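Participant: Build the full structure now, drawing on both the sequences and the hints.
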Amino acid sequence: MSDPVLSVKDLKTHFFTRAGVVKAVDGISFDLAEGEIMGLVGESGSGKTVTGFSLLGLVDAPGRIVSGSVKLKGTELTTLSAAELRSLRGHDISMIFQDPIATLNPMLTIGQQMRMAIDAHERLGARAAEARAAELLTQVGIPSAKERLRAYPHEFSGGMRQRVAIAIALLHRPAVIVADEPTTALDVSIQAQILFQMRDLARETGTAMVWISHDLAVVSSLASKLAVMYAGRIVEQGPTATLLRDPRHPYTAGLIASLPAMAAPGTPLTQIPGTTPSLLSLPEGCPFAPRCDRATDTCKTDPDMTHQDNRGWRCFHPVTRTAEVPA
Amino acid sequence: MKNNSTPLSRFWAEFRENKVAVVALVVVILMMLLALFAAFVSPQNPYDMANLSLMDSRRPPGFVGSGGYTHLLGTDPQGRDLLSAIFYGLRISIQIGLAAGIVSLSLGTTLGILAAYIGGRVETLIMRAVDLQLSFPAILLALVIVALLGQGKAQLIGALVAAQYAYFARTAYGAAKAERGKDYIEAALATPMSGRLVVLRHLLPNCTPPLIVVATVQIANSISLEATLSFLGLGLPVTEPSLGMLISNGFPYMMSGRYWISFYPGVALIILIVAINLVGDQIRDQFNPRLRK
Amino acid sequence: MSSFLSIDNVSRLFGPNLTTGEKIAAKLGSKVETRSVRAVSDVSLSIRKGETLGLVGESGCGKSTLGRLIAGILPPTTGSVTIDGKPVMENGTKVTTRVQTVFQDPFASLDPRMKVGDTVAEGPIAHGLTTKGAAREYVAGWFERVGLDPVWADRYPHQFSGGQRQRIAIARALAMQPDVLICDEPVASLDVSIQAQIINLFLELTHDLELTCVFISHDLSVVQHVSDRVAVMYLGRIVELGPVAEVFGTPAHPYTSALFGSVPKLVLDADELVHFETIEGEVPSPLSPPSGCYYHPRCPLASEQCSAQQPATQPVAELRAVACHHFEKQLAKATA
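Chains as they are written, first to last, in our numbering: chain Y, 49 to 375; chain F, 13 to 305; chain G, 271 to 606.
Please keep in mind that the hints were generated in silico from the structure rather than gathered at the bench.
Keep in mind that this is a model prediction, so the values were computed, not measured.
Keep in mind that the hints are not guaranteed to be accurate.
[Stated by the list, open to error] Derived lysine to aspartate or glutamate pairs resembling DMTMM-like cross-links, with alpha carbons at most 25 Å apart: (1) F:K189 <-> F:D297; (2) G:K364 <-> F:D195; (3) G:K293 <-> F:E135.
Facilitator: Written out as structure tokens, the structure is:
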């Protein structure tokens, strides 16, 4: 495999709040190759969104990246100035958010906004810029793109707006796109269309993606590898199929087993007891231990990532049985 | 997170962290106590004409008058001990400010919440009236009403309420309109429970935070509005001077070196209003989630 | 089949909410939208005692509105909802406590300024199911029933996690001792690992208390898991109704088939990327629905008949009904 386009090493982003230090991201590492899609799965408060923001240097006070490195095509991002980061954002790395309404300016036409996004990094003539914008809108599946450039965001449906946001993110053919639950607010039929297109786009353009989601099924149909986050750390990572078929971390195994599709209709689901811990009062050692039926005294110390082949897990007592494959 | 803490105790814990606001709160409480116990802490009863001697009028701070005690802040043109007059003036100012604040809070809140809850014609009628009134300056409105009703405590409070209830109505309306659409109101109505009960038990308590903020600011405003009216000679009778009246009394002597007659009541008024506003600011910051860290 | 919960020809129109300014503008001939939206259109359902009916569809299909009509939160424009022959609403006012609702977002559905015990006790006290003096014990019983420690009754909602709040919301609904429970996306805003807990609680309680349920969700796998029958809605109409296994196994309506096909499933074999069956286009605006069958512009089986004539609801098998001109073709495709 060639050099990774994005390489994250031991990244830590902490928030210094009045109630204490919140270790939202606490030492995560992963590599992403060209055209590769990685699913970053976790529940609310697991740190997956903060991870996405950290990659783009978008963490605001009281939070900051306290240590670790983010390398984009060999460039270290964590030491760049705000201005240098701005020139990279949108050009080499861009982000798609859950709510496209919040990212599009309601007072400007789609064409004007795309033009601004182009002008931020490149000098293109009006005609060339429009052609580029129209081309991208077509690429993300917006019909009669040329005319739609003159429309305002409110004239688009939710799904179409998200496509526009995706088109803007793609304008400069960035090496990496960070997508934070971009289909969560959309209907299933629209979600399917977008997932399908994103997969093709990644393959065609060579853009690598970090796809943040809480939905295992969504990422499993899109990403070639997965990283599962719990309480600010990656507890398990590896190729999608291997990880889902044969999860090693009890949390991953529990998540998969608790899906309704894994049980016969009407029968009780396998459930993970307890609730996700508050990042302000994490238990000593493995943060999952209090909810884990495999936990022992050993788990009072923090497990390191165990690597095997192309996968890894942070657990002293990994699940070894093969997960049952549903009929 | 602290468990089993009531919203009030959490609120106080956060409030305590702002030292300026705590000092302001102490000042407000102190001034209210002084006002409340004015009769006990004042060296003189400034309302009792028999105590006053024209011989003592317009004397500078530190003067020992015919009463045999030192006038720490000097005396006014009527020969009143200024310190005592300020304590009594505070009492009147705070009395009127609080009374006007409470009456306009109740009136405005009732109107605002009714408008938001009932909707339709009632909403249009109430809120258009409120909007219309808000487009006039409060001082102008108060002047007109005092001019029509004449002088006196009740009239003054009436004028202040008329000038201010609209702010409360707007705030209550805005808050109630936002809360009205939330699931917990719908859940209560779906039980089913009567609208009256839902308004009293759910809607009203959840509209209180912004109303408390407006109330603190408006009480300060009432006090300064009353001072303004008194200064203009439209407030209370001269026999019971409020802070504004005291300032007004000393005004002609400002240029003749007898600054203290206006100056000290002015200082008292400013301290009171600034302190109330500082407390109000902190409360507002705590209620506004966007300003939270 | 004896019907316990009956929904008879229920429709709900939402008029345009015009401001005074817009009304004037409309009178002066400006382009103001004055058409009303038919959020729920002539829906009839009969649900047996103890049955759980799943209600699925995309956003804007009217499933939440239908849920609120059944729950007596909204009065229907026409038609009626009855429980055991007694109406839920009379003259726009809810007149029964026998139907209760669990809302989607437990962060919004609990009064933030009220102790959770008081929130649960409020309804039962108002309707004489318990007294002020006995309320504590009464609430404690329901807290235990939903897996909460009764000593938590004195806490405020902010002290609970999402899953715990949803348990409180369920306790509030059940404390009214309803016969019918409307669940509007009860697990949609919960974390994945918590969803299973709430689904299990729901299954246990509906079974033990013999509750009749309407379970609204956009998540087909959840509906499939908890429901006996399922109704699929599209633009305010029910397009297909039947036992869960049959409807999802061999869909008789092309929309059901497409909807089910576009749900991402857990892919355990990533060497081969799955091909989604995606539905072309988007849901049309309910302000100007298409003629005939509302689904025909997106339907691969559509014919001229579909754009001309609205299909009637017809029985397919026992307990199954579909509103499609070409359901036989669709069934043949599904079983193939």
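Participant: Can the restraint linking G:K364 and F:D195 be considered satisfied, given a maximum Cα separation of 25 Å?
Facilitator: holds (17 Å)
Participant: Next pair to validate is G:K293 with F:E135; report whether the Cα-Cα distance is within 25 Å.
Facilitator: Holds, because 16 Å separates the two Cα atoms, which is no more than 25 Å.
Participant: Is the straight-line distance between the alpha-carbon of F:K189 and that of F:D297 25 Å or less?
Facilitator: Satisfied, since the Cα-Cα distance of roughly 21 Å is no more than 25 Å.
Comparing the model with each earlier hint shows no violations; every hint is respected.
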